Amino acid sequence: MGGIMCQTVENWLKTNDLSNAEIDFIETVLTFTSAVKVISSRKDEINKSFQINFPNKKAIIEPDLTYKKLEETLKENGINIDLSEMLTRFRKQGICSKLCKELLDSRVSG
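If you read the sequence shown in numbering that gives the first Met the number 0, its first letter stands for residue 0, the second for the next number, and so on.
I should point out that these hints are in silico values taken from the structure, not numbers from a laboratory.
Bear in mind that the values here come from a model prediction, so they are computed numbers and not experimental data.
Each residue gets a CB set at the ideal place from its N, CA and C atoms; glycine is no exception.
Hints may be right or wrong, so weigh each one.
In silico DSBU-like pairs for lysine-lysine, Cα to Cα no more than 35 Å straight-line [unchecked claim]:
| # | residue 1 | residue 2 |
| --- | --- | --- |
| 1 | K42 | K68 |
| 2 | K100 | K74 |
| 3 | K100 | K13 |
If you anchor each label on the Cβ, the simulated ranges turn out as follows [claimed, not checked]:
| # | residue 1 | residue 2 | range |
| --- | --- | --- | --- |
| 4 | K13 | I38 | 26 to 34 Å |
| 5 | R41 | D16 | 31 to 39 Å |
| 6 | N19 | Q50 | 16 to 24 Å |
| 7 | P54 | K91 | 15 to 23 Å |
| 8 | P62 | R106 | 14 to 22 Å |
| 9 | R106 | T14 | 20 to 28 Å |
| 10 | K47 | Q6 | 28 to 36 Å |
| 11 | S105 | E75 | 15 to 23 Å |
| 12 | D104 | I51 | 15 to 23 Å |
| 13 | D43 | T14 | 34 to 42 Å |
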């Protein structure tokens with residue numbers, strides 16, 4: 000596909016016809032999931048914050064997010080994107096790298 004990997008993830012998402020609100024949703028799902036993995040005791044608080052920020056979106060922030068669950072969440076919210084490419088770009092840019100690697104690894108198992 001030959002895309003330029005030095006392009007920021009946000010710019011790449013925009014070239015894939017995602018709106019700023021959709022990009023914000025994706026970034027928030029990833030960062031909030033990363034946070035809940037570290038401080039699972041704050042899961043309810045994190046989910047309340049998520050719902051306040053995205054009242055019209057359907058998603059539950061859980062520490063055990065899998066590739067399949069993320070793919071389903073994006074589709075439920077009308078976001079169609081090459082998930083593997085997106086996660087690879089986030090990881091290479093250093094954004095939620097550990098989570099992105101786990102999600103990419105879970106493509107096979109989960």
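Structure-based check of all given hints:
A C-alpha spacing of about 17 Å is found between K42 and K68, which places the hinted pair at or below 35 Å, so the restraint holds. This hinted pair checks out: K100 and K74 have alpha carbons roughly 21 Å apart, not beyond 35 Å. With a CA separation close to 22 Å, the supplied pair K100 and K13 stays within the 35 Å bound. Distance hint check for K13 and I38: the Cβ-Cβ separation is about 31 Å, which falls inside the suggested range of 26 to 34 Å.
Separated by about 34 Å at the C-beta atoms, R41 and D16 satisfy the suggested range of 31 to 39 Å. Under the hint 16 to 24 Å, the C-beta atoms of N19 and Q50, about 19 Å apart, fit the expected range. Checked against the given bound of 15 to 23 Å, the beta carbons of P54 and K91, roughly 32 Å apart, lie outside it. At roughly 18 Å, the beta carbons of P62 and R106 sit within the given window of 14 to 22 Å.
In this structure, R106 and T14 meet the distance hint of 20 to 28 Å, their C-beta atoms being roughly 23 Å apart. Taking 28 to 36 Å as the suggested C-beta distance range, the pair K47 and Q6 conforms, at roughly 34 Å. The supplied range of 15 to 23 Å is met by S105 and E75, whose beta-carbon atoms lie about 18 Å from each other. Distance hint check: the CB atoms of D104 and I51 are about 32 Å apart, inconsistent with the given range 15 to 23 Å.
About 36 Å separates the C-beta atoms of D43 and T14, a value consistent with the hinted range of 34 to 42 Å.
Taken one by one, the earlier hints fail for this structure at numbers 7 and 12, listed in ascending order.
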